[in-house]
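**Student:** Sequence:
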Amino acid sequence: MHSISPPASPLIGLGAFDYQPRTRLIFGPDTLERVGELAREIGGRRALLVTDRGIVSAGHAGRAVGFIEAAGLQVEIYDAVRENPSTADVAQCLEIARRAEVDILIGLGGGSSMDTAKGCNFLLTNGGEMKDYWGVGKATRPMLPLIAIPTTSGTGSECQSAALIADETTHQKMACLDPKAAARVAILDPVLTLSQPPRVTAVTGVDALAHALETAVTKKRNAISTIFSREAFRLCLGSLPRVLSHPDDLEARGRMQLGAAFAGT
11 MHSISPPASP
21 LIGLGAFDYQ
31 PRTRLIFGPD
41 TLERVGELAR
51 EIGGRRALLV
61 TDRGIVSAGH
71 AGRAVGFIEA
81 AGLQVEIYDA
91 VRENPSTADV
101 AQCLEIARRA
111 EVDILIGLGG
121 GSSMDTAKGC
131 NFLLTNGGEM
141 KDYWGVGKAT
151 RPMLPLIAIP
161 TTSGTGSECQ
171 SAALIADETT
181 HQKMACLDPK
191 AAARVAILDP
201 VLTLSQPPRV
211 TAVTGVDALA
221 HALETAVTKK
231 RNAISTIFSR
241 EAFRLCLGSL
251 PRVLSHPDDL
261 EARGRMQLGA
271 AFAGT
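In this note's numbering, the protein residues as written are 11 to 275.
What the hints contain is simulated information worked out from the structure, not anything from laboratory work. A quick note: this is a predicted structure, and the numbers were derived from the prediction, not measured. Careful: at least some of the hints might be erroneous.
[To be verified] Quick list of the computed label-pair ranges, beta carbon to beta carbon: (1) R151 with R50: 20 to 30 angstroms; (2) R151 with A212: 36 to 46 angstroms; (3) G23 with G72: 48 to 58 angstroms.
Every residue, glycine too, gets a C-beta built ideally from N, C-alpha and C.
Given the sequences, and given the hints that come with them, work out the whole structure.
**Tutor:** Pasting the structure below:
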């Protein structure tokens with residue numbers, strides 16, 4: 011009779027964890043088409059689509075608006091997101107959200123679009139300024155549902171409960187973390203990443219690899235985070251060279267997108 015050897019790596023030594031998935035992951039080509047039905051399913055009637063002009067030019071924002079309106083929702087657009095959003099960007103987004111009396115936010119784009127949507131959500135529902143939420147768990151009131159739709163494979167913001175916003179005056183970056191800020195739904199449609207310029211594919215791909223490596227070696231890692239970080243690293247390391255040499259390879263694009271999401275979980 012053969013004995014079963016215990017796993018080589020320690021489990022208890024990694025520390026305790028309390029893990030509760032907050033974001034529903036929807037993955038697959040053309041899943042952007044579901045954004046309207048999903049927004050309606052979670053109670054949305056008036057949506058704010060937060061995106062940037064590059065996404066508008068690529069046609070992704072227009073398609074999203076069409077799907078949202080087809081589901082019977084009203085939709086407003088904030089398309090002035092900048093890379094590394096500041097408090098001024100959030101303030102502009104907030105103005106549109108208040109005027110339209112939105113009840114659901116949709117972040118479409120890279121990490122900057124999703125962070126801007128989260129920042130807007132903090133202020134729209136809890137008031138005050140972004141600096142009031144710098145740190146962990148500072149929001150005291152419920153926040154609006156958020157749908158995150160990444161068009162890059164890098165930050166993993168779609169699976170994070172944090173908004174990284176820079177102070178417009180001091181340029182200090184503020185990480186505002188709260189479980190209530192996590193997206194209710196994340197739509198991972200690899201078709202959206204096909205329009206990325208090669209440089210963006212490379213930079214965001216390295217970012218995803220860095221996140222996977224960081225979560226694998228941090229002293230705060232645990233058994234759950236280790237599972238995600240290892241799979242994220244495997245997916246990204248094996249797929250990044252392929253998407254750079256064959257940018258139309260949808261399978262490799264999908265692996266990168268899923269790897270980035272796992273690295274951000």
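**Student:** Indicate, hint by hint, whether the structure satisfies it.
**Tutor:** Do the hints match the structure? See the list:
Checked against the given bound of 20 to 30 angstroms, the beta carbons of R151 and R50, roughly 24 angstroms apart, stay inside it. Remark: the range hint 36 to 46 angstroms for R151 to A212 is upheld by a beta-carbon distance near 40 angstroms. As the Cβ distance of G23 to G72 is approximately 51 angstroms, the hint placing it in 48 to 58 angstroms holds.
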